[in-house]
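Chemist: Note that the protein sequences, when read in sequence, are chains A and B.
Okay, so the first sequence: first residue is 2 according to our numbering, each after it adds one.
Okay, so the second sequence: first residue is 2 according to our numbering, each after it adds one.
To be clear, the hints were calculated from the coordinates, so they are not data collected in a lab.
Watch out, some of these pointers could steer you wrong.
Since the list can't tell identical chains apart, any single copy or any two copies may satisfy a pair.
[As the list claims (entries may be wrong)] Keeping only pairs whose Cα atoms sit at most 20 Å apart, straight-line, the calculated SDA-like set for lysine to any residue is:
(1) LYS263 - ASN426
(2) LYS257 - ARG424
(3) LYS223 - PRO317
(4) LYS263 - ASN121
(5) LYS223 - THR319
(6) LYS223 - ASP197
(7) LYS263 - ARG424
(8) LYS78 - GLN53
(9) LYS223 - ALA211
(10) LYS257 - ASN121
(11) LYS68 - ALA81
(12) LYS287 - ALA313
(13) LYS263 - THR429
(14) LYS287 - GLY403
(15) LYS263 - ALA76
(16) LYS257 - THR31
(17) LYS257 - ASN426
(18) LYS257 - THR429
Keep in mind it's a predicted model, so treat the numbers as computed, not measured.
There are 2 protein chains.
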Amino acid sequence: MTAVLSRMNDMPDTSDVTAYVNELGRRAATAARSLASASTERKNKALTAAAQAMRDNRARLLEANAKDVDSVKAAGKPAAFIDRLILDEDRVNAIADALDQIAALPDPVGRVLHTTERPNGLTIERVATPLGVIGMIYESRPNVGADAGALCLKSGNAVILRGGSESLNSTRVIVECLAEGLKAAELPLECIQMIDTTDRNAVQALLTCAEYVDLVIPRGGKGLVSLVRDQARVPTLLHLDGNCHTYVNAAADLTKAAAIVKNAKLRRTGVCGATESLVVDRSIAKDFLPMALDALGDCEVRGEADAREIEARIKPATDEDFYTEYLDTTLSVKLVDGPDAAIPFISEHSSAHTDAIVTEDAAIAERFLNEIDSAVVMHNASTQFSDGGEFGMGAEIGIATGKMHARGPVGLEQLTSFKYRVRGNGQTRP
Amino acid sequence: MTAVLSRMNDMPDTSDVTAYVNELGRRAATAARSLASASTERKNKALTAAAQAMRDNRARLLEANAKDVDSVKAAGKPAAFIDRLILDEDRVNAIADALDQIAALPDPVGRVLHTTERPNGLTIERVATPLGVIGMIYESRPNVGADAGALCLKSGNAVILRGGSESLNSTRVIVECLAEGLKAAELPLECIQMIDTTDRNAVQALLTCAEYVDLVIPRGGKGLVSLVRDQARVPTLLHLDGNCHTYVNAAADLTKAAAIVKNAKLRRTGVCGATESLVVDRSIAKDFLPMALDALGDCEVRGEADAREIEARIKPATDEDFYTEYLDTTLSVKLVDGPDAAIPFISEHSSAHTDAIVTEDAAIAERFLNEIDSAVVMHNASTQFSDGGEFGMGAEIGIATGKMHARGPVGLEQLTSFKYRVRGNGQTRP
Numbered sequence: 002m003t004a005v006l007s008r009m010n011d012m013p014d015t016s017d018v019t020a021y022v023n024e025l026g027r028r029a030a031t032a033a034r035s036l037a038s039a040s041t042e043r044k045n046k047a048l049t050a051a052a053q054a055m056r057d058n059r060a061r062l063l064e065a066n067a068k069d070v071d072s073v074k075a076a077g078k079p080a081a082f083i084d085r086l087i088l089d090e091d092r093v094n095a096i097a098d099a100l101d102q103i104a105a106l107p108d109p110v111g112r113v114l115h116t117t118e119r120p121n122g123l124t125i126e127r128v129a130t131p132l133g134v135i136g137m138i139y140e141s142r143p144n145v146g147a148d149a150g151a152l153c154l155k156s157g158n159a160v161i162l163r164g165g166s167e168s169l170n171s172t173r174v175i176v177e178c179l180a181e182g183l184k185a186a187e188l189p190l191e192c193i194q195m196i197d198t199t200d201r202n203a204v205q206a207l208l209t210c211a212e213y214v215d216l217v218i219p220r221g222g223k224g225l226v227s228l229v230r231d232q233a234r235v236p237t238l239l240h241l242d243g244n245c246h247t248y249v250n251a252a253a254d255l256t257k258a259a260a261i262v263k264n265a266k267l268r269r270t271g272v273c274g275a276t277e278s279l280v281v282d283r284s285i286a287k288d289f290l291p292m293a294l295d296a297l298g299d300c301e302v303r304g305e306a307d308a309r310e311i312e313a314r315i316k317p318a319t320d321e322d323f324y325t326e327y328l329d330t331t332l333s334v335k336l337v338d339g340p341d342a343a344i345p346f347i348s349e350h351s352s353a354h355t356d357a358i359v360t361e362d363a364a365i366a367e368r369f370l371n372e373i374d375s376a377v378v379m380h381n382a383s384t385q386f387s388d389g390g391e392f393g394m395g396a397e398i399g400i401a402t403g404k405m406h407a408r409g410p411v412g413l414e415q416l417t418s419f420k421y422r423v424r425g426n427g428q429t430r431p
Numbered sequence: 002m003t004a005v006l007s008r009m010n011d012m013p014d015t016s017d018v019t020a021y022v023n024e025l026g027r028r029a030a031t032a033a034r035s036l037a038s039a040s041t042e043r044k045n046k047a048l049t050a051a052a053q054a055m056r057d058n059r060a061r062l063l064e065a066n067a068k069d070v071d072s073v074k075a076a077g078k079p080a081a082f083i084d085r086l087i088l089d090e091d092r093v094n095a096i097a098d099a100l101d102q103i104a105a106l107p108d109p110v111g112r113v114l115h116t117t118e119r120p121n122g123l124t125i126e127r128v129a130t131p132l133g134v135i136g137m138i139y140e141s142r143p144n145v146g147a148d149a150g151a152l153c154l155k156s157g158n159a160v161i162l163r164g165g166s167e168s169l170n171s172t173r174v175i176v177e178c179l180a181e182g183l184k185a186a187e188l189p190l191e192c193i194q195m196i197d198t199t200d201r202n203a204v205q206a207l208l209t210c211a212e213y214v215d216l217v218i219p220r221g222g223k224g225l226v227s228l229v230r231d232q233a234r235v236p237t238l239l240h241l242d243g244n245c246h247t248y249v250n251a252a253a254d255l256t257k258a259a260a261i262v263k264n265a266k267l268r269r270t271g272v273c274g275a276t277e278s279l280v281v282d283r284s285i286a287k288d289f290l291p292m293a294l295d296a297l298g299d300c301e302v303r304g305e306a307d308a309r310e311i312e313a314r315i316k317p318a319t320d321e322d323f324y325t326e327y328l329d330t331t332l333s334v335k336l337v338d339g340p341d342a343a344i345p346f347i348s349e350h351s352s353a354h355t356d357a358i359v360t361e362d363a364a365i366a367e368r369f370l371n372e373i374d375s376a377v378v379m380h381n382a383s384t385q386f387s388d389g390g391e392f393g394m395g396a397e398i399g400i401a402t403g404k405m406h407a408r409g410p411v412g413l414e415q416l417t418s419f420k421y422r423v424r425g426n427g428q429t430r431p
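Isolated chain A, as found in the complex (with noise of 0.2 Å):
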């Protein structure tokens, strides 16, 4: 087994979380200067030979997930987070797929984003370079390590991975893999480097640590949003929660709206770009409600006095229902009167992740997509296309829901900053 040797055997001492988290970013703010220069082709190199090594080494990942899933399961954790956790042959394969293509995708740094030459003869070329230090807060979802960390490295970023304690055996044999990926295209170790204790505090530490960390990317629900506004002193890239809506207009070709709600609650119910919320104008409320409560089978949804007068298998909502991101097959149902309720409806209730209109009015959906604030917003389509590959960005490392940077989501051209790079014959400025 070869990927074991490649754990550096000097690995830092985790007693003290916070040097432990300050010294990761220190051999890491190392690494990331000599990555910044890497050529695209050792890059691919590194992440070729890890796709290989994922393969090789896939009986020892499942033996390490095993491990993970057992104490989950002792625990008492729900399906749908057992679900997120488990890894299987299929599963192993993905992840190993997915660094390769990530390897086949173009190299983002580099690019000259803009030209312009000055009257005065200077040229400006604006140029992508990597952040730096990126820091990875997740869930207990080992292929994402796995893409995180592929992401960072091709965008010339050296990471440090903070998944879900719960998934702390798979990630090590994760980043092992990686770290053989690394070592095979002669790049440093500490490009990708994992927060190797469960000590909670971790996160504090990594979300304080200014001197390295470039960017601290926290993936996760509402529990992170107040732990990342009170403690980060470094720029954060939030993937937060996803409370998505589907607004069915009084205009809304009604077959068309309940295959598209069907889809967009129950296609996965895990991914954030799932439908949390239905909004239903009153006046198609009789129509629609039971057509929508037929396609969506088993799932339960939750509303208001109005709407369960309509259909009986509606079972009561409380106002939190309106704000939850539930992941699960569950939906809350708004009943309003028009674009003039539901807008201001979705606006006051939405993360602002991914809101859509189904309409067959293109005026009342141009205003919708204009009037809605969110990251993505959709014209008679499920909110379940709210994801990179799905928009061709190739894979992506998640969802941004905050308004700099980088908003919708986040691949490989969003990992990266740029700089002007300025040249000139001997100008002086008058």
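We have chain A already, so just place chain B on it with the hints.
Modeler: Just chain B now, with coordinates in the frame of chain A:
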């Protein structure tokens, strides 16, 4: 005097500064919603009417400014500080002209940045949107407030201005003139507000007003760095110190180099793109230092023993000098042994704003442009070109020194976010 009339007659109470700033934020957020969909014509009308109000109220503005200048003189502030604060007829006209120029720039909102049609028929557009509410913290420079107000307005953002407390009287009149413009265009006056108190806690209140403020732009020197890092709970676009370097390489044309260094340091000493540190290859120091000192005239040059041995006019430098943004007629000088020493020295001491190399060796120039990770890197040009106007952006709110969102000059485009508009005809995701 019509301008006075336009001040809001329901100014919130400033006695509880946190509640006060929060109330400004709440009003700004409401105003931002209508401003986001305001037409280009309406925004331009507000800008040109504000320019006219500025000209009409020149005498009043100069009177208010004189009050500010008197207090500052009484407090014994340095000449450079007073120069940034003081207005005269020409400067007021320049402020008004800048408003007209911003009106003439293209509207950054609604630009379609990218369009893609997916194989499944979905059309995905990335379209520029305003950020929302921007808090602007800046020095006692009245023109900065006018520029920032106008740039935010044109980019569809509501702004809360927090100018240096020494410029409070000037800022009040400037905001009144901007309000005249908003009134003429029938836009909410709360699109441009100021923090009308010198209470220093207002800065913290603005940096923590996460409910309403989408972005704070802190402009200033080192003093702001730790304040922002410790206190900010909202995204920030740092405009911090400009410790800029000019490196004169052994292969430089020394005459060209002396002219560049003179311009880079002395054209205007108070701008953030001014060179603060001169780095010289030891092998040419004997020839170049006397030329540089001649060119620099009365400028105080501080260096270590090796430089002073060559050029007696150089005064002693401490370590601190190499981290100092003088913003004055003072310059530090460092002798190094070629690019292998110059690049790490600059990387260590630069504030990553703007750094330049002077050399006739193209390979060394390219290496410098690639390896120095500053917002702007230059070859054979004066660092004083680091400016949005000089870059062809038309106008700038400042120079961003972080790596996220925008880097270097921040003009209208950099004050926008974007969202994805997805149009389908009933697509569901397989």
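Chemist: Decide, hint by hint, whether the structure agrees.
Modeler: We went through each hint and held it up to the structure:
1. LYS263 - ASN426: Between copies, since 16 Å is at most 20 Å while 63 Å is not.
2. LYS257 - ARG424: between (56 Å within a copy, 14 Å between copies)
3. LYS223 - PRO317: neither (23 Å within a copy, 56 Å between copies)
4. LYS263 - ASN121: between (60 Å within a copy, 18 Å between copies)
5. LYS223 - THR319: within (18 Å within a copy, 49 Å between copies)
6. LYS223 - ASP197: neither (24 Å within a copy, 35 Å between copies)
7. LYS263 - ARG424: between (56 Å within a copy, 18 Å between copies)
8. LYS78 - GLN53: neither (32 Å within a copy, 66 Å between copies)
9. LYS223 - ALA211: between (24 Å within a copy, 15 Å between copies)
10. LYS257 - ASN121: between (58 Å within a copy, 16 Å between copies)
11. LYS68 - ALA81: within (18 Å within a copy, 66 Å between copies)
12. LYS287 - ALA313: within (12 Å within a copy, 92 Å between copies)
13. LYS263 - THR429: Between copies only: 9 Å across chains, 64 Å inside a chain, cut-off 20 Å.
14. LYS287 - GLY403: Result: close neither inside a copy nor across copies, 37 Å intra and 54 Å inter.
15. LYS263 - ALA76: neither (32 Å within a copy, 70 Å between copies)
16. LYS257 - THR31: Neither way: LYS257 and THR31 sit 54 Å apart in one copy and 35 Å across, limit 20 Å.
17. LYS257 - ASN426: between (63 Å within a copy, 9 Å between copies)
18. LYS257 - THR429: between (64 Å within a copy, 9 Å between copies)
Against the hints set out earlier in the document, violations occur for numbers 3, 6, 8, 14, 15, 16.
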